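According to the numbering used here, the sequence shown is numbered sequentially starting from 1.
Treat each hint with caution, since some may be false.
[Unchecked claim] Label-pair restraints from in silico Cβ distances: (1) Val137 / Ala54: 19 to 27 Å; (2) Pro102 / Ala54: 20 to 28 Å; (3) Arg134 / Gln67: 38 to 46 Å; (4) Ser8 / Arg63: 18 to 26 Å; (5) Gly81 / Pro142: 31 to 39 Å; (6) Arg134 / Gly21: 40 to 48 Å; (7) Gly21 / Trp124: 30 to 38 Å; (8) Asp4 / Gly65: 13 to 21 Å; (9) Lys112 / Trp145: 36 to 44 Å; (10) Leu131 / Asp43: 41 to 49 Å; (11) Gly23 / Leu185: 36 to 44 Å; (12) Ser42 / Leu185: 33 to 41 Å; (13) Tyr143 / Ile181: 21 to 29 Å; (14) Tyr143 / Val184: 24 to 32 Å.
Quick caveat, the hints were computed from the structure, so don't treat them as lab data.
No experiment lies behind these values; they were computed from the predicted model shown.
Glycine is no exception: its CB is placed at the ideal position from the N, C-alpha and C atoms.
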Amino acid sequence: MTFDDLSSARPDLAFIAHWVGQGAHVLDVGCGDGVMMDYLQSDKRCSGYGIEIADDEVLESTRRGVQVIQQDMENGLGLFGDNSFDTVLCLSSLQMMKHVEPLLRDIVRVGKEAIVSFPNFAYWPHRVALLKGRMPVSESLPYEWYDTPNVRCATISDFRELAEELGLEVMECVALAEGKIVTVLPNLRGELAVFRLRKKAH
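Using the sequences and the hints, build the whole thing.
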């Protein structure tokens with residue numbers, strides 16, 4: 001898979017991929033169909049694993065040549081030692097977790113750095129929907145309230161506060177809309193929040 005393929009299919013992933021170093025050892029937590037690991041392996045010579053629970057997604061990842069471990073992320077990352085990976089990805093998966101805090105601690109334990117993304121609930125169309133008395137439905141939150149896998153709603157400000165509480169250093173934080181950085185009023189105009197994190201040096 002080339003960068004252009006990834007960019008046209010998933011512009012958000014194409015942006016995030018530039019934060020992953022050449023030849024990095026990567027863990028993709030909630031890897032879905034494996035498209036990100038496929039790109040990182042073929043274009044950036046990365047190695048590593050995906051973690052996914054859904055049978056169809058595991059099958060698709062395997063078809064792409066991604067080494068995937070079928071496991072519920074809620075059970076943690078106990079099979080991996082501290083700093084086992086250069087980068088741990090958790091892309092648009094954290095909002096589906098019941099226990100966000102322990103998983104986030106585990107992600108930064110096993111990785112030297114982590115990249116986390118999630119739909120920004122403070123995105124202006126979401127606010128407009130709430131003002132109209134409706135739960136938001138958008139490209140980043142594509143489900144109705146009754147069938148959504150998302151159990152957590154967060155804003156960029158919320159997540160930054162949680163990272164601080166957990167003693168994590170926010171190396172970079174951007175808001176994306178259609179895969180491009182939003183610099184003006186990011187918490188209002190950004191559809192997807194992306195954080196690059198690591199443990200604070202003691």
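Each hint, compared with the structure:
Here the CB-CB span from Val137 to Ala54 is close to 22 Å, well matched to the stated 19 to 27 Å. Evaluation of the 20 to 28 Å hint for Pro102 and Ala54 yields a pass: the beta carbon distance comes to about 21 Å. About 42 Å separates the C-beta atoms of Arg134 and Gln67, a value consistent with the hinted range of 38 to 46 Å. At about 20 Å, the CB distance of Ser8 to Arg63 agrees with the hint of 18 to 26 Å.
Restraint check, Gly81 to Pro142: a C-beta distance of roughly 36 Å satisfies the suggested window 31 to 39 Å. For Arg134 and Gly21, the hinted distance range of 40 to 48 Å is satisfied, since their beta carbons lie about 42 Å from each other. Between Gly21 and Trp124 the C-beta distance comes to about 34 Å, which sits within the given range of 30 to 38 Å. Between Asp4 and Gly65 the Cβ separation comes to about 19 Å, which falls inside the hinted range of 13 to 21 Å.
Distance hint check for Lys112 and Trp145: the Cβ-Cβ separation is about 38 Å, which falls inside the suggested range of 36 to 44 Å. Checked against the hint of 41 to 49 Å, the pair Leu131 and Asp43 passes, with Cβ atoms roughly 43 Å apart. Between Gly23 and Leu185 the beta carbons are some 37 Å apart, a value that agrees with the proposed interval 36 to 44 Å. Here the CB-CB span from Ser42 to Leu185 is close to 37 Å, well matched to the stated 33 to 41 Å.
In this structure the supplied range 21 to 29 Å holds for Tyr143 paired with Ile181, their Cβ-Cβ distance being about 26 Å. At roughly 29 Å, the beta carbons of Tyr143 and Val184 sit within the given window of 24 to 32 Å.
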